[in-house]
Amino acid sequence: MKKINHYLICFFCWLALVISLTLVLGVIVILVGKGIGAINWNFISQPSTNFGQSGGILYQIVGSLLIVIVAFLLSFPVAIAAALYKSEYLTNKKWQYWSDMMLHILNGIPSIVFGVFALLFFINICGAHVSWWLGSLILAIMMLPILTFSSYFYLQRLSPEIRDSCLALGLTKGQFIRSFLLKRSFVGAVSGSFLGLARILGETAPIMWVATVFAGGAIPSSWSEPVATIATHILILAQQANDPQAVSNGWGASLILISLVFILAGIGFYMRRQQLRIQ
Amino acid sequence: MLKYNKELGLQHTLALSFFVIIALPVLIFFVLLIQSKRAFLEVGLGLLSTSWFPAGQEYGILAMLYGSAVVVILALAIAVPLSLLSALALTEFVPKSLQLTIKSILEILAGVPSIIYGLLGIVILCPWLEQVFDISTGRTLFAGGLLLALMILPMMISLFEDVFSQIPHEFRDNSSSLGLNKSQIILALILPISKYPCFNIILLAMSKALGETMAIMLVIGCVDKFPNFWLPLSAGQTVTSKLGRDLGNYSFHSIEFSVMIAMALILLIPTIIFSFVLKKRELVR
Amino acid sequence: MKITINNLCLKIANQTILKNLNLSFQQGEVTCIVGPSGSGKSSLLRTLNRIDSNKNYKYSGDVILDNKSIFAKDYSLEQLRKQVGMVFQKPCIFPFSITKNILFGAKHHEKMTAYQAEKLVIDKLKQVALYEEVRDRLDQSALELSIGQQQRLCLARTLAVNPQLLLLDEPTSALDPYSSGALERFVVDFKKQGTVVFVTHNIAQAKRIADHVVFICNGEVIESGSAEKMFSCSTTDQTKQYLNTQTCDC
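Chains as they are written, first to last, in the working numbering: chain A, 1 to 279; chain B, 1 to 285; chain C, 1 to 250.
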């Protein structure tokens, strides 16, 4: 009886693992298999035409990179500054707890709610037009918690002895921050940056009403123009699921998107592991 | 004098960034609240009706709430046992070197963008469901649940694996010395010790599943009606899918728009509560 | 119960840990295994209850327990560990109540009524001289006990399974004198019902309780024999040096 139980449990555990890995890796295999056929030099270097049914995704690739890089540039300094403040100036335990809580809440808000907020706040309340940099703005807001936590935890791991010796040398807090901690907070934020970038690269919902349009998106040449991104392009193609060419392009675009995301995520996780080993 | 100004200046700049970030969730909440005020005041309890028919002035969102609940419950019912057992297999049965490789792969795969799952769902999953169950369209709540389960699976396995790995190996050695075999150790030691963090993981997965939009939107069928048969094999609608599809269709000043914002608020509140509860549980532990 | 070790060699990842061990442990006697750190004493113990059934561990030679080789393919590991109990150097308490800790192993081997279980717990606690100290908090978490109490609890937990051979891996190294004394008294008492193999760095302790002494250095048995013989007229210089000064030129 005991033996049977033992074998059953072992069997189900292994079965579950095999099923899970098959499903998860199967996703990748399907993507690579179906996407690789659609990718060629033209695909990457040509703009799309005819609602994406023909042509390539050049504008989308450029658009994605554009809003993501600008989002990063917007959120990085704010996150570093907030992490430094939380780590160095915030002594009240209640404030620490509640600021942690606010960051966690911000991190957990669904993407679609960010999209709704962006629509309401930027376009309806502030009166802006659909522009590419609004996409960067909302994506920057989404990136803030990851960056702030990443930087903050790295700052916290600084040994108190180093802190005390610097202050004992007569440095003021400001000098200490400028000369020593700033660099450290940067380093801490780097792994979070890659992970954050990997996340926002694939986002569609937050930017779908404020930065992109259903058709005709090109590389923006001024501030108040919309942008096309790989993720929203996949959405457009997915909605034409009856047309095989659109679907094929969809696989191609997905493969490119997922490659970028994996490279960024891989770098991010690798750096986080390295950080956990070194002080 | 100048040095002090510099000091204060730095502190205030840093403080400004800090407080801006802290204020953001509050801002988001209040913007949604204000824009949905009209819906709550004018439609009120009418929101809880099952029929969404703006032309006839019916703004019931119960069908969407039901759809969200069904899809999340279905996803958890599939993903929780699957991921729990897989994580047990990883920590208890798989050799160490392979375990690390698989874990790294799972961590990275947890970052696949949801739109890609949407494409997969609409092009592969739905036609497959049509074949298997002999139905006219695969775009159903069931497809949504399956897809959602697939989406949260890698993350859950990875998190469960973290929990089980953190149990020191001395515990297992001591249990083995008392004559227990591996499955007895799992049932008598590993699972009871991990109850609390495992429940946290399930809460986290629930929160993530609730907010999922892109994938669900494409495979759910987008029918704003309460499903006729209480079976998941019918098309339906979730809160997120409705927002994603139709928010752009309503003009800003219309009452439909306000009702949609009310839905977004109703979506936001549980995710805030989940974040709050999770943070509290991690501290109390 | 009779245990014989014949030409046992142990290799872990191509490093030889034990070389050609030939020993036997007598029923009803306490054998102390002494030797410098890293000489393979713990590995020997772990071989006896096969706690490291790992693919990297390569055994040759044999260990015969009651006329059966413990390395035989059909030998049940669970049965082995029921007969051969082990207490580790560092006490490892499960995050359950005291009662649940003690019954942890015993529950899996036989069905007990609640009354029998309670009696078993009290019995074993008395056997390790812990009962008086914890009698009014048996249902509280065992994590609140001191290290000495935890180690005795681990011992009670092992005893609840009713082993005939007890393997103790430096069990008093982290304990205060009172707990050490209690444990030593227990070992002497246990001789009536079983055999004890005791690894220790403390030569004075070995003098107090050992019937037999085995001196292991670099994975080999340098000398073994009855306690009186080893402590008064051991044959090799190495043994003499170790037993007197606790240094070894190996």
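Read the hints as simulated data drawn from the structure, not as lab findings.
Glycine included, every Cβ here is placed at the ideal spot set by N, Cα and C.
Check before you lean on any hint, since a few could be wrong.
No farther apart than 20 Å at their CA atoms in a straight line, the calculated lysine to aspartate or glutamate pairs in the DMTMM-like style are these [said to hold, decoys possible]:
| no. | chain 1 | residue 1 | chain 2 | residue 2 |
| --- | --- | --- | --- | --- |
| 1 | C | K100 | B | E7 |
| 2 | A | K3 | C | D237 |
| 3 | B | K182 | C | E144 |
| 4 | A | K183 | B | E170 |
| 5 | A | K3 | C | E78 |
| 6 | A | K173 | B | E7 |
Residues of chain A clear of chain B, computed beta-carbon distances all greater than 10 Å [said to hold, decoys possible]:
| no. | residue |
| --- | --- |
| 7 | K2 |
| 8 | H6 |
| 9 | L31 |
| 10 | L58 |
| 11 | S99 |
| 12 | I105 |
| 13 | F121 |
| 14 | N124 |
| 15 | T204 |
| 16 | A218 |
| 17 | P220 |
| 18 | S222 |
Between beta-carbon pairs, the in silico distance windows are [to be verified]:
| no. | chain 1 | residue 1 | chain 2 | residue 2 | range |
| --- | --- | --- | --- | --- | --- |
| 19 | A | G266 | C | G38 | 36 to 46 Å |
| 20 | B | L27 | C | D52 | 23 to 33 Å |
| 21 | C | A114 | A | I30 | 19 to 29 Å |
| 22 | C | Q26 | B | Y196 | 42 to 52 Å |
| 23 | B | L27 | A | V29 | 15 to 25 Å |
Outcome of the hint check:
1. Annotation: proposed proximity of K100 of chain C to E7 of chain B is violated, straight-line Cα distance about 59 Å (limit 20 Å).
2. The straight-line distance between the Cα atoms of K3 of chain A and D237 of chain C is roughly 52 Å, outside the 20 Å bound, and the hint therefore fails.
3. The suggested pairing of K182 of chain B with E144 of chain C is violated, with an alpha-carbon distance near 28 Å, which exceeds 20 Å.
4. Using a Cα cut-off of 20 Å, the hinted pair K183 of chain A and E170 of chain B is violated, with the two alpha carbons roughly 40 Å apart.
5. This hinted pair checks out: K3 of chain A and E78 of chain C have alpha carbons roughly 11 Å apart, not beyond 20 Å.
6. Of the pairs offered as hints, the one joining K173 of chain A and E7 of chain B holds, with about 8 Å between alpha carbons and a cut-off of 20 Å not exceeded.
7. Consistency note on K2 of chain A: stated as away from chain B, yet its beta-carbon is not over 10 Å from all of that chain's, at 8 Å minimum.
8. Distance check for H6 of chain A against chain B: the nearest CB is about 4 Å away, which does not clear 10 Å, and the non-interface claim fails.
9. With 10 Å as the threshold on Cβ separation, the claim that L31 of chain A sits away from chain B is violated: the shortest Cβ distance comes to roughly 7 Å.
10. For L58 of chain A, the requirement that its beta carbon stay farther than 10 Å from each beta carbon of chain B is met, with the minimum near 19 Å.
11. Residue placement check: S99 of chain A does not keep its beta carbon more than 10 Å from all beta carbons of chain B (closest about 5 Å).
12. Interface exclusion of I105 of chain A from chain B breaks down, the closest Cβ pair being 4 Å apart, not more than 10 Å.
13. Separation of F121 of chain A from chain B is inadequate, the least Cβ-Cβ distance of about 5 Å not exceeding the 10 Å criterion.
14. The beta carbon of N124 of chain A is not kept farther than 10 Å from every beta carbon of chain B, the shortest such distance being approximately 5 Å.
15. With a cut of 10 Å on Cβ distances, T204 of chain A falls inside the contact zone with chain B, its closest approach being about 5 Å.
16. Residue-level check passed: A218 of chain A sits 20 Å from the nearest beta carbon of chain B, beyond 10 Å.
17. Every beta carbon of chain B lies more than 10 Å from that of P220 of chain A, the smallest distance being close to 20 Å; the non-interface claim holds.
18. In this structure S222 of chain A is separated from chain B by more than 10 Å, as the shortest Cβ-Cβ distance comes to about 23 Å.
19. Separation of G266 of chain A from G38 of chain C is about 40 Å and conforms to the stated range, judged on CB atoms against 36 to 46 Å.
20. Checking the proposed 23 to 33 Å range against L27 of chain B and D52 of chain C shows it is violated: the Cβ atoms sit about 58 Å from each other.
21. The hint said 19 to 29 Å for the Cβ distance between A114 of chain C and I30 of chain A, and at roughly 56 Å that hint is violated.
22. One distance hint, 42 to 52 Å for the beta-carbon pair Q26 of chain C and Y196 of chain B, holds here, with the actual separation near 48 Å.
23. For the hinted restraint 15 to 25 Å between L27 of chain B and V29 of chain A, the CB-CB distance of approximately 43 Å leaves it violated.
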